[in-house]
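Trainee: Sequence:
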Amino acid sequence: MPRLTLNGITVDFPFEPYPCQEVYMEKVLECLQKKVNGILESPTGTGKTLCLLCSTLAWREHFKDSITARKIAQRMAGGELFPGRPLCSWGTAAPEEEASTYYTDVPKIIYASRTHSQLTQVINELKNTAYRPKICVLGSREQLCINPEVKRLQSNHMQIYTCRSKVMNRACHFYTNVEEKSTDKELMKSIMDIEDLVKNGSKHRACPYYLSRSLKQQAEVIFMPYNYLLDSKSRKSHSLDLKGTVVILDEAHNVERLCEESASFDLTPYDLASAMDAVNVVLEEQAKLLQQNEISAEFNMDLATSGLSMELEDIAKIKKILLQLEAAIDAVELPASAPGVTKEGSYIFELFAQAQITFQTKSSLLESLEQILQYLSSCPGIFVNAAGLHKLSDIIQTVFSSEPPEGTAAVRPQHLTAKYYKVHIHQGPSSEKKRERTDLWTSSARREGKTLSYWCFSPGYCMQELVGQGVRSIILTSGTLSPLSSFTMEMQIPFPVCLENPHVISKHQLWVGIIPKGPDGTELTSSYDRRFSEDYLSSLGKTVGNLVRVVPHGMLIFFPSYPVMDKSLEYWREHDLAKRIEEVKPMFVEPRNKGSFAEVMDAYYAKVVCPQSTGATFLAVCRGKASEGLDFADITGRGVVITGLPFPPRREPRVVLKMQFLDEMKSTAAGAQYLSGWEWYHQQASRAVNQAIGRVIRHRQDYGAIFLCDQRFTAGSVRGSLPSWVRPYVSIYDSFGRAIRSVSSFFRLAQDTMPPPLLQRPASSADCLGESSSAPSTSAEHILSLQKAKSLDDHVPSLKRRRKGKGEEAPSLCLEYEEELLSPRRKCAGLLDALEHTEKSSGGAEEGEDFPGAPQPPGRREPRARAALYIAAVKEALSRRSFQAFSRALQSYRGTNDLGSLLAQMSSLFAEDASMHALLRDFYQFVRPQHKQQFHEACCSLTGLGCGYKPEHSLLQEEREMLAKERGEELRRGAAAFSEDSCAQLDPGLHRNQGEFHLAAGLQSAGQAAAGAPKEPEKASSSRRDHQEGLRSAYLRDVKRALTPSSYSQFTEALLAYKRTDNYAAMIPVIAALTTERPEDFHLLHRFCMFVRPQHRDSFRQLCRDLAGAEEQQSQQHLPGEGSAQSSGSWGLKKEEQSPVQGRE
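Everything in the sequence shown is counted per the numbering used here, starting at 188 for the first residue and increasing by one.
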């Protein structure tokens, strides 16, 4: 590896660095040597991660060398160890004033990024360097726990407290092995990402979560998501000591928002109701225990213990505090002319004091809440949603995070909150926050309450807290931090070292044009008053229609918001503009639903690389998923179109208050350190644009064009906010035709001079089916970056890439939680086979087989790709534990052919959430033929929509082929008969004025044919009734298993009474209370729709939405038809299960 000397420090770099990389490493070293903060912008593709790692680790080694030199100098007493090299020349990393003789004083490196997936990429980059430091990566229990009992729990909070309980009682053997295994050399010296940590923990039977905390003590580099670092509660829970550390925040363009959000909260009436419900449960349980112990004491029996060391009066005090807090919030009067009322940040202390929550009481209150939460998690028989209680605990810690000096009142925190915070109280609409499932019939949150918002408006507040922890240096870096001046003002800490790096590309690799007018001469501007006008939408559509003809391969179009994108698409489709665009490049639209996003992306990638296609167009939104971290390297993104400036919603209370806060700060004596509200407002739009246009150039050999299609980009202030590597290339084209000629010439030159991207997999004609093909890769760098591309969550367990063995063919891509490389030798033969691919490495997986009768058209590529895409969508939508349950159900169905068990499991996974109904229906394509009708009808009952069942779907492949042949023969015979009889049929002498006779004959023959034919409709109707009866019986069996005998008796009595009296109002409270008592039984309420009569369905639908907290479903989605609501007999109840009253009837 090349060795270069920068700022007196020798750096090992994997290859000869570009000049901009040398400059970047020099700036990093300057920050470290001078103990100052730095803000460094370097475009994507310039290797900033590698530069950060190499320069930082080189400096750290140099620092250790300086300590070694001083130790040797002390022992040599003035002598020289090497005559030609004086000791004074060894190591100049540490200045004299911080000279140390202890290796423990060498600063640790804390490397933080947005997600674990991005950290996995960083760790993979570290493996490519010459440096091998001791590292550890911090994660949550959800990602790292391997204890089956804890993993099984759905709630993250329950996992935390169950884990703590097991650790305290030493009941987890994985935890007891940690101390022994944490000194294992293999674990201490290995460079492990989060999946390696889980694998090694499972291998050594040691808890990865506590193992990472143990390795942290000896680690030289600690990797973590940066919310662990910025949130004071997370820092405390992970025991992070930041004194003297070097903090690196990669992908820092999100830091500003995260700093504010980590110090803010919204307390809704449903949160308080949920907390009170949890406390009520504990009160009832403790009261029962107290009563039982009184009886036991009379008979000298042993007293029972609950494990909760709190008196009943103390629990009642907690409930009283919650009621007082709710009353204090509700007592705030809201003006009739405004949506809410805003007060100074210090008002939060006054409000909480009314509920007896102060600096003096908060410690004991937090301790009591912790005990209650621990108790709820340790009682297996208690099922209650403790999320509200947990949120309240977090809120108290947030409000009282800044302790006042000892012996003084809370003056300092109140001063800080008055300066940086605002309290906003407003009416809490039911659609804004999801209702908690505990809010059923008696909860106080059934009525509309008020939401308490406590908002921090200065990201500098969090950054100053970091500085207060004693960090040595803070380095913020990203590809899109421009404009740097405003970014540094927002951070409110000094950044003496700043850098805006140029790109590594040449001028012929980037074309940037501002297009203020469309082809028809209409001014392009997406301003508030113009964005929905017909002339603008028409001109924008014509602009895009022309650009798709000159931009090769893939093109991205970014809109300011979802409403603008939806309206544009609607207009284009109505006026045939969309049709003209899709004639050249099919359009793929970024969905709002995260679950289907990966599927759309894969279809887009597949379409772009298909040799028979002319590319594709991807429509997305600034600040959306596609603009954040997604990779559109090479042919997947040759052009980026920005259709407008994405300003934040101007009338949103938080935006209004943020601008007011900045204007207030600007008017003070220290105003020079702050942006004005208007400057911040424009900065937000500029940064979103910069993030979107960063998709176009992803590496050294990439090239592309940026189209700024808004007249406002012609303003100098807006152009000045573009990244420094873009600004030199910007040109303004007053004539649309001139812009088209210029960019056409650019692409011709680039295609002639730039090397073509290396295709990793030859695409066959089957791959051209964009909607059913797996995502292809277009270059080696594209493969490495797609893993990052699909990672859009902060807390989704990341699975790293698995490299194939030597001698295998080029890889195709199959979706994992991230991306996983699969060998095309291992072909997905069906859904289960695709599932096995995501569970095993390609070398260890056994050959799978098709589901019997699964549709397999010629080529066999389409169903395989469809299965892979479906598995990917399911993984995106489900948690890791739910996906494992899905996997087990699928394996069981394959082996047992038991559709009933499969439906029971699928309904529990997909039926509760309306956004997952599509995934349930999509599974229809993989169901065995003999079960398709039954599955279709089950979907009708569960989701209100069927799967498009046709009778021929129930035939096996051989039967379908035979039927197709028979129909073909019939068609041919019919065509021959028509040819022979055509002259006779058209003889005017024979047929003139004889229509009546021929019509009668035709009707008679039709009637005879009908009489001789089997009565298929009657059979089908009978089959449907039998199946509906089976569904109801299966449902009642599930209810009987879920409920206690007494509860099931109440259920059946209410159901039979409803059948007799049609009294919906009397029936539904009983049914809903019984089926929603436990969260895992909630799906029973949804499935109850099969018993609801037509006149009550609207009320029932609204009830389900209110209880589930689900978003409004589309009007097209409805409950099952009348046939499923009422059926013969006793609605599936067995005779012995009916009440005596029913029996007498």
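Keep in mind the hints are simulated off the structure, nothing from the lab.
Note that the Cβ used here is the ideal one computed from N, Cα and C, for glycine as well.
Take these hints with a grain of salt, some might be off.
Here are the computed distance ranges between Cβ atoms for each label pair [what the hints assert, rightly or not]: (1) 314 to 851: 47 to 57 Å; (2) 541 to 475: 29 to 39 Å; (3) 1066 to 887: 34 to 44 Å; (4) 1256 to 470: 19 to 29 Å; (5) 356 to 444: 20 to 30 Å.
Here are the simulated DSBU-like cross-link-like pairs (lysine-lysine), alpha carbons at most 35 Å apart as the crow flies [said to hold, decoys possible]: (6) 781 to 386; (7) 251 to 353; (8) 504 to 430; (9) 506 to 390.
Trainee: For each hint, tell me whether it holds in the structure or not.
Mentor: Checked hints:
{"no.": "1", "hint": "314 to 851: 47 to 57 Å", "result": "holds (49 Å)"}
{"no.": "2", "hint": "541 to 475: 29 to 39 Å", "result": "holds (32 Å)"}
{"no.": "3", "hint": "1066 to 887: 34 to 44 Å", "result": "holds (39 Å)"}
{"no.": "4", "hint": "1256 to 470: 19 to 29 Å", "result": "holds (23 Å)"}
{"no.": "5", "hint": "356 to 444: 20 to 30 Å", "result": "violated (41 Å)"}
{"no.": "6", "hint": "781 to 386", "result": "holds (28 Å)"}
{"no.": "7", "hint": "251 to 353", "result": "violated (41 Å)"}
{"no.": "8", "hint": "504 to 430", "result": "violated (39 Å)"}
{"no.": "9", "hint": "506 to 390", "result": "violated (46 Å)"}
Checked against the numbered hints above, the structure breaks hints 5, 7, 8 and 9 and satisfies the rest.
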